Each structure stands twice: as C-alpha cells, then as structure tokens.
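**Student:** Keeping their order, the protein sequence lines are chains A and B.
For the record, in the first sequence the residue sitting at position 176 is 183 according to my numbering, with numbers rising by one throughout.
For the record, in the second sequence the residue sitting at position 73 is 95 according to my numbering, with numbers rising by one throughout.
FYI, nobody ran anything at the bench for these hints, they're computed from the structure.
Just so you know, these numbers come straight off a predicted model, no measurement behind them.
Just so you know, even glycine gets a beta-carbon here, dropped at the ideal spot from N, CA and C.
A portion of the hints provided could be inaccurate.
Okay, the calculated beta carbon distance ranges per label pair [as the list claims (entries may be wrong)]:
| id | chain 1 | residue 1 | chain 2 | residue 2 | range |
| --- | --- | --- | --- | --- | --- |
| 1 | A | Leu39 | B | Val63 | 21 to 31 Å |
| 2 | A | Gly144 | B | Leu82 | 21 to 31 Å |
| 3 | A | Glu15 | B | Arg69 | 47 to 57 Å |
| 4 | A | Gly96 | B | Val63 | 34 to 44 Å |
To be clear about the criterion: a stretch of chain B counts as covered by chain A if any three or more of its residues have a C-beta under 8 Å from a C-beta of chain A, and this derived list gives those stretches [claimed, not checked]:
| id | region |
| --- | --- |
| 5 | 43-50 |
| 6 | 57-64 |
| 7 | 79-88 |
| 8 | 92-98 |
| 9 | 116-126 |
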Amino acid sequence: MDIPYTVEVRRDTGLNNGKIGIWLFLASEVMLFGALFASYILIRTGSPSWPRGDTVLDYRLATFNTIVLITSSVTMVMAWASLMRRKFGTFRIYMAATVLLGGVFLVVKYFEYSHHLHLGEYPSHSNFFAIYYTLTGLHMLHVLGGMAVNAYFWGPGAKLWDKNPTWFTNRVEHSGLFWHFVDLVWIFLFPTLYLL
Amino acid sequence: MSDHAVTHDHDDHAAHDPAEIDRHVRVYIMVFVALMVLTIVTVAVSRFHLSVPVAVAVALLVATVKGGLVACYFMHLISEKKLILAVLGLTAAFFVVLLALPVLTHSDGFWIPQPAPAQTDAEHK
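Next comes chain A alone, as it looks inside the complex (with noise of 0.2 Å):
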C-alpha cells in the first residue's frame, strides 16, 4: 500500500504529510532545548559566580565551528535547489559537502572534549562544565542524526528519485528542515556558552 499524501497535498491543511510531520518534530525539539536553556538560565543566575565562556572554552574553535554549521546550512538548501532545478549530480555534490561539514564539525568537537577532558574538566567539574557537556552533547547527537539522513539521501535513499522525483525532493527538504534546526540551535549555543 502506498502511503498517503508523500507528494499530494491534504485540503484540510494544505501541505503533504511529511512537512506537517517534521514541523510537529521540529516544535517538540524547541520544547526539549528550550527546558535545557531554561535550565542553563536557573544554575548561572543561582550560582554566586559563573566563568566567562571564553575563559574555559576556546571560542575560536567555537567560531569555525559556527561557519562551518553555517557553511553547511547553505550547502543543504543548494542541495534542494539543486532537486528543483532536476539537477541530480549537483544535487550529490552539495549533499556531500552538507554531510563532510558536519562531520568538520564533530571532529572539532571531539579535539574540544578531548582537551577538556585530558584538563580533568569532567561533567562533574563544575556546574558550568555539567551544563556545558549537556547542551553540546546533545547538539552533537542531532548533528549526528542529521549527518546519517542526510547520508542517506545521498546513497541508497536517492534511488528513489528515479521512481518519484518530487516526493525525493520533499524528503530531501525534510531533511534540510531538520539540518537548519540543528545550525539554528548552535547559533543560540555558540553565544551562551563560549562568550557570555
């Protein structure tokens, strides 16, 4: 049985499936990092002092991995595009670039942890480390998921586009959806941990 509305739109909302999917996903998301924020806000105000990011995170390291997010924002919307234009193999160049950046950026992440951990700045460091280990921890996981759909999609997910064009360009955008959301969390992240 085919599933409904990949590629139709429903009358009653307007939009196919997937995209009203992902949105719900994506609202629950800003749920789950907006009670770590929350969170992050309760410890540094009830704490008598708080370091200043740039302190005890390089923010350099920080920085590059802010263009490179950023860099891979722009890589994957091209990557659309790119489906738009009925363009494939410039659509598989620019995938590809979205998944190596975010794989850039795990590897600076791990000489990140790497560093602190070798310092002894554990979790169990200090409030500011456990909040710290936390919100990036879990950026990285998305990082993580995004970076395997997006695999995906670049090899064995893409033989769907010979059968169904459009619903592979759809998924490819749910997937960006999902990428932009993770590159916008780290543009928040990125200020408040590393230089306030």
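Add chain B to chain A, keeping to what the hints say.
**Tutor:** Chain B only, in chain A's frame:
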C-alpha cells in the same frame, strides 16, 4: 480522513520555474553573507568585555536576527502555510513560558502575603 477530502494537486514544488529557483538561490547567498557578517559581529562585540547584562542583550539580539534569517529563508517560513505558522506560534508561546520559569523561582512566592516583621521590645518602649 476519507478520500473525498483529498486534493490531487501536487504541492507548490512542481510549480517552481527555473527563474524563480535562481532568485531563491541569490537570496540564500545573501543570507549566507549576512550570517557570516553577524557571526563576526558577535565575536567582535564579545572582545569589548561589556558588562554582563549588556553583553547578554547584544549577543541574544544578534543570535535572534541570525536565527530569524535561517528560519525565514533557509526553512522557508517567510512563505510557509498558515497552519505551520500557527503551530510555531503556539510553540513560541510555550517556549517563552518555559524560559520565564527561572524568573519565577527567583521571586519565590512573591504572590504570597508576607507577615509584618515582629516589633522588638525597644520599639514597644
């Protein structure tokens, strides 16, 4: 949902012509440049070592502008259907409540009337 409620129109993807996509791509590149500039602004402002309230206000303002650009243009919210905007409006309202919770804890029980401080013997005399 019964079949009669289905419209067999494809979504608006199929209706996009190459010129329109080219216009979108130009916008994406402009947004990309703006995001890079704002990232540099964020870092540059942090080097001035402003007081914490001012630094927080500036950093969050710039982050909100950046986030708005990503949401409006990369996530296409600027031309999205009303249903999705309504869902996100509701989410935003609950998000604000969530972030306001720590504020309430700091003014712990401000709505509870406090007893007047007891007078000391010296005050009685």
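**Student:** None of the hints should be skipped; say for each whether it holds.
**Tutor:** Evaluated hints:
no., hint, result
1, Leu39(A) x Val63(B): 21 to 31 Å, "holds, 29 Å"
2, Gly144(A) x Leu82(B): 21 to 31 Å, "holds, 22 Å"
3, Glu15(A) x Arg69(B): 47 to 57 Å, "holds, 53 Å"
4, Gly96(A) x Val63(B): 34 to 44 Å, "holds, 37 Å"
5, 43-50, "holds (count 4)"
6, 57-64, "holds (count 4)"
7, 79-88, "holds (count 5)"
8, 92-98, "holds (count 4)"
9, 116-126, "holds (count 6)"
The earlier numbered hints are all upheld by this structure, with none contradicted.
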